[in-house]
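Here the protein sequences come in this chain order: G and Y. According to the numbering used here, the first sequence is numbered sequentially starting from 848. According to the numbering used here, the second sequence is numbered sequentially starting from 3.
I should point out that these hints are in silico values taken from the structure, not numbers from a laboratory. Just so you know, not all the hints are guaranteed correct.
Unchecked claim - The calculated label-pair distances, taken between Cβ atoms and stated as ranges, are: (1) G/L994 x Y/P15: 22 to 32 angstroms; (2) G/A869 x Y/L14: 20 to 30 angstroms; (3) G/L857 x Y/A13: 26 to 36 angstroms; (4) G/Q1018 x Y/P15: 49 to 59 angstroms; (5) Y/A13 x G/A908: 47 to 57 angstroms.
Positions of the beta carbon are idealized from the N, C-alpha and C atoms, including for glycine.
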Amino acid sequence: MIARVLTTGLIAGLVAGLAVAALQHFTTTPLILAAEVYEAAQHAHDGADAGAALSGLSRTAATSAATIAVSIGYALILLAAMLLSGDAIAPRRAALWGACAFAATGLATSLGLAPQLPGMAETELAARQIWWLATALCTGAGLFALLRLDSPAAKIVGVVLIALPHFFAPQPATPESTAPAELAARFAAASLAVQAISWALAGALAGLIWRLQSRQQEPS
Amino acid sequence: MNAKLSANAAALPSSRLEALKAAAVALTLGFGLVWLAGFAYPKSVHDAAHDTRHALSFPCH
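Working from the sequences, and respecting the hints, build out all of it.
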């Protein structure tokens, strides 16, 4: 069972990660590079040193590797969630789990922390990371309580869990972005779309590969 | 506590127990990978994952 889960997560994450990396290459990465031009110009004006650590092909390769790692992680988390809740693992159901995960890690978190381009005003990183994680976990648990538990008390707890993190949302930094607002708006939308596709694809492929493996195991 | 846990484990059918074990391994590995690519602090990890962190709206910088 463990080997089957790991194989499924690895293959699904690898394929989904490659597809999302290609998508990033044409959607979010050009916006990040454009924002860095504005950021570098500002730094040059201030006399500070700026510049990306990686560039060209090595940067694309590193980004793709990180995206594949995240996608394998997403696929494994979705498989674990379906196993824990006793669901049958199938493509359509797994994609729905992915959609709910996107609501938790994408939609809920972007209310308090909009997706950011380099060079945008920002507050302390650790506080933002803690809020992001807590919000994703609370929203995920809240959605599970709302959609999968039957008692009215559980549904109330679910709504509270979804709403609660937003009372503690991080204070936004004073706006001082070097990137134009139009660029930032396009990036926020593209980033959410890319994240939605990552979760849905990781889920659907995990379901599909799980099913293919069970067909292979059946005696013919 | 331990006695209660093992009593519960004994009451579970072995297939369910196996599924729970696999889920625990998958969850740990999955969170580990997302943590490494999306949150970890070392500069080399941050630089390599930089564009992915921004693109998938993880908090960055």
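Structure-based check of all given hints:
1. About 26 angstroms separates the C-beta atoms of G/L994 and Y/P15, a value consistent with the hinted range of 22 to 32 angstroms.
2. Checked against the hint of 20 to 30 angstroms, the C-beta distance between G/A869 and Y/L14 comes to roughly 43 angstroms, which is inconsistent with it.
3. The hint said 26 to 36 angstroms for the Cβ distance between G/L857 and Y/A13, and at roughly 33 angstroms that hint holds.
4. Taking the beta carbon of each, G/Q1018 and Y/P15 are about 50 angstroms apart, inside 49 to 59 angstroms as hinted.
5. Between Y/A13 and G/A908 the C-beta distance comes to about 50 angstroms, which sits within the given range of 47 to 57 angstroms.
Hint compliance for this structure: hint 2 alone is broken.
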